[in-house]
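Chains as they are written, first to last, in the numbering used here: chain A, 1 to 542; chain B, 1 to 409; chain C, 1 to 197.
Please keep in mind that the hints were generated in silico from the structure rather than gathered at the bench. Here the structure is a predicted model, which means the values were calculated and not measured. Watch out, some of these pointers could steer you wrong.
Stated by the list, open to error - Result set (PhoX-like, lysine-lysine): computed pairs, CA atoms no more than 25 Å apart in a straight line:
1) B:Lys72 with C:Lys27
2) B:Lys155 with B:Lys72
3) C:Lys27 with B:Lys155
4) A:Lys194 with C:Lys27
5) B:Lys72 with B:Lys62
6) B:Lys389 with B:Lys340
Stated by the list, open to error - Partner residues aside, some chain C positions facing chain A, computed with beta carbon under 8 Å:
7) Ala107
8) Pro111
9) Leu153
Unchecked claim - Across the chosen pairs, the derived CB separations fall in these ranges:
10) C:Val10 with B:Thr19: 56 to 62 Å
11) A:Gly28 with B:Asn37: 51 to 57 Å
12) B:Leu386 with C:Leu77: 28 to 34 Å
13) B:Ala56 with C:Leu77: 35 to 41 Å
Glycine included, every Cβ here is placed at the ideal spot set by N, Cα and C.
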Amino acid sequence: MPVFFQISDVPRLLPELLLLVLALLVLGSDMFERWGEDEESRFERVRAAGSLTAIGLGLIFLITLLQSGYVYRLPADAPQNFFLTIVRNLQNGGPVGDPVVGSFATDHLTMIGRLVLIGAAFLVSLLTLDYRPANNPGEFYALILLSTMGMCLMAAATELITAYLSVELTSIPLYILAGYFQTNTRQSSEAGMKYFLFGALSSGLILYGMSLVFGFAVASIPGGAQANDMTQFLRIAQATATEGAAASKLLTLGMLFIIAGVGYKVAVIPFHSWSPDVYEGSLTPITAFLSTASKAAGFLLLYRILVTAFPNLTGTAEIVSGFGGWTSLLAVLAVATVVLGNLAALPQRNLKRLLAWSSIAHAGFVIMALMAWASPYASTRSMGTSALIYYLVVYTVTNIGAFGALAVASMTVGGDTMEHLRGLARRNLGLATLLAIFVLSLAGIPPMGGFLAKFYIFMAAWQSGAWWVVMTGVVTTMIGLYYYLLILKATFIEEPASTEPVPMPTWMNATLITSAVLVLLLGVFPNLVLTTIDQVKVVAGM
Amino acid sequence: MHIVIIFLQVLITILAVSTGFAYLTLFERRMLARFQNRVGPNRAGPWGIFQPLADAVKLFFKEDIIPSAADKGVYLLAPALAVIPALIIWAVIPMGCWNIAGDYQACFAAPGADGAGFYNILQIADVNIGVLYLMAVTSIGVYGITLAGWASNSKYSMLGGIRSAAQLISYELALGTAILGAVMMADTLSTREMVFRQAGLWFAVPQFLAFVVFLISATAELVRTPFDLVEAEQELTCGYNTEYGSMKFALFFMSEYVKMIALSAIGVTLFLGGWHFPGLKLLGEVVSGAAGAGVATVVVGIVSLLSFLLKVLVLLFLLVWLRASWPRVRYDMLMSIGWKWLLPLAFINVVVTAVVVGLAPEMNPLVQGIILLIIGVAVLWGATFLSEKQRSNLKVAAKAAVAPTGGRQ
Amino acid sequence: MQLLVQVIFVLIAAEIVGAAVMVVTAKNIVHAALWLIASFCGVGALYLLLEAEFLAVVQVLVYVGAISILMLFAIMLTRHVTGKGAETSLYQRWWVGLIVAAVLFAAVIAPTVLAHPWETATAAPALPGETGQPAAMAGIVDLGRAFVEEYLLPFEIAAVLLLVGLVGAIVIAFEERAARRHIPTLAEEVAHRRQPE
Numbered sequence: 001m002p003v004f005f006q007i008s009d010v011p012r013l014l015p016e017l018l019l020l021v022l023a024l025l026v027l028g029s030d031m032f033e034r035w036g037e038d039e040e041s042r043f044e045r046v047r048a049a050g051s052l053t054a055i056g057l058g059l060i061f062l063i064t065l066l067q068s069g070y071v072y073r074l075p076a077d078a079p080q081n082f083f084l085t086i087v088r089n090l091q092n093g094g095p096v097g098d099p100v101v102g103s104f105a106t107d108h109l110t111m112i113g114r115l116v117l118i119g120a121a122f123l124v125s126l127l128t129l130d131y132r133p134a135n136n137p138g139e140f141y142a143l144i145l146l147s148t149m150g151m152c153l154m155a156a157a158t159e160l161i162t163a164y165l166s167v168e169l170t171s172i173p174l175y176i177l178a179g180y181f182q183t184n185t186r187q188s189s190e191a192g193m194k195y196f197l198f199g200a201l202s203s204g205l206i207l208y209g210m211s212l213v214f215g216f217a218v219a220s221i222p223g224g225a226q227a228n229d230m231t232q233f234l235r236i237a238q239a240t241a242t243e244g245a246a247a248s249k250l251l252t253l254g255m256l257f258i259i260a261g262v263g264y265k266v267a268v269i270p271f272h273s274w275s276p277d278v279y280e281g282s283l284t285p286i287t288a289f290l291s292t293a294s295k296a297a298g299f300l301l302l303y304r305i306l307v308t309a310f311p312n313l314t315g316t317a318e319i320v321s322g323f324g325g326w327t328s329l330l331a332v333l334a335v336a337t338v339v340l341g342n343l344a345a346l347p348q349r350n351l352k353r354l355l356a357w358s359s360i361a362h363a364g365f366v367i368m369a370l371m372a373w374a375s376p377y378a379s380t381r382s383m384g385t386s387a388l389i390y391y392l393v394v395y396t397v398t399n400i401g402a403f404g405a406l407a408v409a410s411m412t413v414g415g416d417t418m419e420h421l422r423g424l425a426r427r428n429l430g431l432a433t434l435l436a437i438f439v440l441s442l443a444g445i446p447p448m449g450g451f452l453a454k455f456y457i458f459m460a461a462w463q464s465g466a467w468w469v470v471m472t473g474v475v476t477t478m479i480g481l482y483y484y485l486l487i488l489k490a491t492f493i494e495e496p497a498s499t500e501p502v503p504m505p506t507w508m509n510a511t512l513i514t515s516a517v518l519v520l521l522l523g524v525f526p527n528l529v530l531t532t533i534d535q536v537k538v539v540a541g542m
Numbered sequence: 001m002h003i004v005i006i007f008l009q010v011l012i013t014i015l016a017v018s019t020g021f022a023y024l025t026l027f028e029r030r031m032l033a034r035f036q037n038r039v040g041p042n043r044a045g046p047w048g049i050f051q052p053l054a055d056a057v058k059l060f061f062k063e064d065i066i067p068s069a070a071d072k073g074v075y076l077l078a079p080a081l082a083v084i085p086a087l088i089i090w091a092v093i094p095m096g097c098w099n100i101a102g103d104y105q106a107c108f109a110a111p112g113a114d115g116a117g118f119y120n121i122l123q124i125a126d127v128n129i130g131v132l133y134l135m136a137v138t139s140i141g142v143y144g145i146t147l148a149g150w151a152s153n154s155k156y157s158m159l160g161g162i163r164s165a166a167q168l169i170s171y172e173l174a175l176g177t178a179i180l181g182a183v184m185m186a187d188t189l190s191t192r193e194m195v196f197r198q199a200g201l202w203f204a205v206p207q208f209l210a211f212v213v214f215l216i217s218a219t220a221e222l223v224r225t226p227f228d229l230v231e232a233e234q235e236l237t238c239g240y241n242t243e244y245g246s247m248k249f250a251l252f253f254m255s256e257y258v259k260m261i262a263l264s265a266i267g268v269t270l271f272l273g274g275w276h277f278p279g280l281k282l283l284g285e286v287v288s289g290a291a292g293a294g295v296a297t298v299v300v301g302i303v304s305l306l307s308f309l310l311k312v313l314v315l316l317f318l319l320v321w322l323r324a325s326w327p328r329v330r331y332d333m334l335m336s337i338g339w340k341w342l343l344p345l346a347f348i349n350v351v352v353t354a355v356v357v358g359l360a361p362e363m364n365p366l367v368q369g370i371i372l373l374i375i376g377v378a379v380l381w382g383a384t385f386l387s388e389k390q391r392s393n394l395k396v397a398a399k400a401a402v403a404p405t406g407g408r409q
Numbered sequence: 001m002q003l004l005v006q007v008i009f010v011l012i013a014a015e016i017v018g019a020a021v022m023v024v025t026a027k028n029i030v031h032a033a034l035w036l037i038a039s040f041c042g043v044g045a046l047y048l049l050l051e052a053e054f055l056a057v058v059q060v061l062v063y064v065g066a067i068s069i070l071m072l073f074a075i076m077l078t079r080h081v082t083g084k085g086a087e088t089s090l091y092q093r094w095w096v097g098l099i100v101a102a103v104l105f106a107a108v109i110a111p112t113v114l115a116h117p118w119e120t121a122t123a124a125p126a127l128p129g130e131t132g133q134p135a136a137m138a139g140i141v142d143l144g145r146a147f148v149e150e151y152l153l154p155f156e157i158a159a160v161l162l163l164v165g166l167v168g169a170i171v172i173a174f175e176e177r178a179a180r181r182h183i184p185t186l187a188e189e190v191a192h193r194r195q196p197e
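Isolated chain A (complex conformation) (with noise of 0.2 Å):
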């Protein structure tokens, strides 16, 4: 029987409407500014649609989080007045209930998903106010929007063509936000045309991965009923419950070129060698929305597809012996990872190229939380669920700092090479700080949120059997240290090529202030969030 829309599952949608609102209001309301060639109405343009942006997804952000009720929850014996019943219905839309048609779940991953991604579309908004984009600010901003409203409902699907629509939907506005608006034209394009061929080869990928498995989840119903639902991760599952049906090849074949797709999309090891380019070449707050929150859609749609779809795939860590399943696969990609990625950004004296690559190991440890899967122990796999979303959070909230920082340095310095950032901390020693702040929660040094991430990635997979796993992450850590420190070296030390002060934007202080604020917080204080992120333990029909 299939299910349908209910009007009463707009409120559980509302998120992703209100992304969309936005977006319209942000390409009308452009076409009525004044469009001047001088410098000062294109900046009265951007001023415009920038704060627009910002301020409607600081809206978003707190509806989803009141709708998510992790902050305040409307007691049931609340009066009725008019705002009390909005609130109420918000919440009603809140994480509960069955996916919506099949294809929306609005569970606890999809809420902190939301939280995530909308929280770093906003910093990324805050960033690009005093980082301008080259040209159409209208465009700019309502294709980030859109990209936003994408990785919302990756982090949220349940069913494959949701599924992979909402991948095109986050990466084709990355697509043209990579290579379209930066002054420096001919690298920007260059950054988007690699970006996109990659990324239409991947989404080729998925799709190939994505018909097979449904050609066999179909093929398995014997004399089953009509098809219509075996897109969804339930009933492929269901479909693919049977020995003989786990056993198959073709749904491992198929699995496969779903992991080899999205793995382009977050840029684990065989699949990364577009993203340094694209980092380089594109504006460095967009840079900081790629590296952050299409990373971190990436992974919640690769752990739901992984979890719901082929929960029967799973198979062991182990190396040698019982060789098999996602598990075996991810372990490889994830040592892979983290080795070469911290290898290559050693010798790296560009600044975004060096964090391209890190990111790049980052994505390796994140790989890592899903080893705990290789665990038959639900408390091992729900401790394995919970390091990987804090993990995002943290990554999330450094990665945009640290590019933020990278921003404003590059935007008032000149440039984003090692030799550029020499002596910041005399110049500015504010903006050498919070650098210091973000780059050390990359590197995992305690205080910071990054230290925490890393240790809980490494006892979920530790307790799962992987240790060789989690011994390449130990020792490829303290390698990534050397090149964190090199970036304090240069700051801290080194001396000054001027000593003339260096200006802050205000919006990005703000940006980067608030970013440390919550590298600190979560280092320090992390039951703030993992209290909440423990709620994710039943994804939808896990």
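We have chain A already, so just place chains B and C on it with the hints.
For chains B and C alone, coordinates are given in the frame of chain A:
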């Protein structure tokens, strides 16, 4: 047996269409001459009826030239790609109703109800997605022209090819959306069923807006005046077929005219009731009572075919009339008509049809038709009013821009 | 009949694959586009063989009639790429690519294909539907219903996706022009027109 019948159907259709093309050229030339107060070709045979034959002989015996810089394969492929779609359009068009089983009443019965013994030899293929097939085939007709333009390796041809690609793609949208309105009325994609649904009221009435949009965009699809920029003699020396001569040119010529007949036939099928004619069923009954069902089937078949051809001829005359009366539009006007006027109008029509049909699906078709007709005329009037207003506004603005300085310095 | 269908299938498949190979090997970019069209047509024929008429016609309508012609259009507007310049270093070490592709293919596809228990023609799968009857082929009515029932969300997301494509195309096309000369917005145009009064 079945295959033999189909083969014969195809053969006869192609022969008929080719002959039709030849005499359409004569028809057009004679009509144009009348419009322009001339006589037209009247030397070859009585009233010039051997003129097409003479033209064909002339084209056959011309020297066959391939430009040395042309891309040979594509250059030779292009005329074929132009003709084939124009011919295969005819596969799904019901040109009449001649039931081979000898039961004329099946023609007037609801399809699917008792259509088991129904086999209409005046329609080659009765597929359930006929209208989509028509659109698909129309859409691949662009290739012949575009590739001819590219393969000739000549600037004029190239410009003609690019223009054609842009123009045909733009107008295909309006065309398809206009057809959508008729499809929504008929609730089917089968051409046979489309005709059946128009037994009472032709769709040209309820879908008046769509019909107008269809006629304009079909003219553009055919690249005929006033939309014939693709082959503008004065600027492009005939555009895409500049470098083509002899039979290859004749093929382009043929494809153009066959397409003209075909699109008229599509218009008749979708909007003008197909082969239906008031009183046709009555005629069948009378003949059947007098001379038996077999004779009635033959009579109905022939009359329905004639009725279809008559309607096609009316549309063809309209096209010739347009050519005689109107100058060519400017390129930017062409694009603006297609994208800013026809497409929105077609969309409005789809929305209006959906609302009216969806709100009261059981309404009397005549009442429904009149409501839709009134809305359609109103929308059309509004659009005309708007475009006039826009034009006068632009004129005022242009004058104002020129006036203070006394023109450009 | 079964044999006939299989023969037709093999012919169509050969046409699709052959045309696809020509797409990547053709040195003239317009020829590559034409081969791509041939490949698309083959896919349409394959759908027809599967009795999915709607899909077949839509394949022709969308891929052959719209997308490919746009590609040709774009190629023609950038004529200088169609010449001999395209045949440079791409073909020098083609055998390396061939070996890598073959090895990867063998490593990934072969075990799957060999190990999967394929259903042969003798063991026909149980047909879905009541009492062994084949379920009705999805006609356009079913398709339309699925779009507003089970697949409502994907359908709406696809609409947003198209909007994104539109906005992106405008960004790409508009950027250089905006840098070159001033283009009035709607507001400016309206203001300009109001001026005379």
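### Message
For the hint 28 to 34 Å, verify it against the beta carbon of Leu386 of chain B and that of Leu77 of chain C.
### Response
Holds, at about 32 Å.
### Message
Can you confirm whether the C-alpha distance between Lys27 of chain C and Lys155 of chain B stays at or below 25 Å?
### Response
holds (22 Å)
### Query
Do the numbers back the hint for Pro111 of chain C, that is, is its least Cβ distance to chain A under 8 Å?
holds (6 Å)
### Task
Below or equal to 25 Å on CA atoms is what counts here, so check Lys72 of chain B against Lys27 of chain C.
holds (15 Å)
### Task
Would you check the hint for Lys155 of chain B and Lys72 of chain B, treating anything up to 25 Å between C-alpha atoms as holding?
Measuring from Cα to Cα gives roughly 17 Å; hence the hint holds.
### Task
Kindly confirm whether 35 to 41 Å is satisfied by the beta carbon distance between Ala56 of chain B and Leu77 of chain C.
holds (37 Å)
### Message
So if I understand the rule, the pair passes when the alpha-carbon distance is 25 Å or less; does Lys389 of chain B with Lys340 of chain B pass?
### Response
holds (15 Å)
### Message
Check whether the Cα positions of Lys72 of chain B and Lys62 of chain B lie no farther apart than 25 Å.
### Response
It holds: about 19 Å lies between the C-alpha atoms, which stays within 25 Å.
### Query
Regarding the pair Lys194 of chain A and Lys27 of chain C, is the alpha-carbon distance no greater than 25 Å?
Holds. Lys194 of chain A to Lys27 of chain C sits at ~22 Å (cutoff 25 Å).
### Query
Honestly, do Gly28 of chain A and Asn37 of chain B meet the 51 to 57 Å range at C-beta?
holds (55 Å)
### Query
Under the criterion of a CB-CB separation shorter than 8 Å, is Leu153 of chain C in contact with chain A as hinted?
Since chain A brings a Cβ to about 5 Å from Leu153 of chain C, closer than 8 Å, the hint holds.
### Query
Do the Cβ positions of Val10 of chain C and Thr19 of chain B conform to the proposed distance bound of 56 to 62 Å?
Given about 40 Å between the Cβ atoms, the range is violated.
Of the numbered hints given earlier, the model fails hints 7, 10; all others are met.
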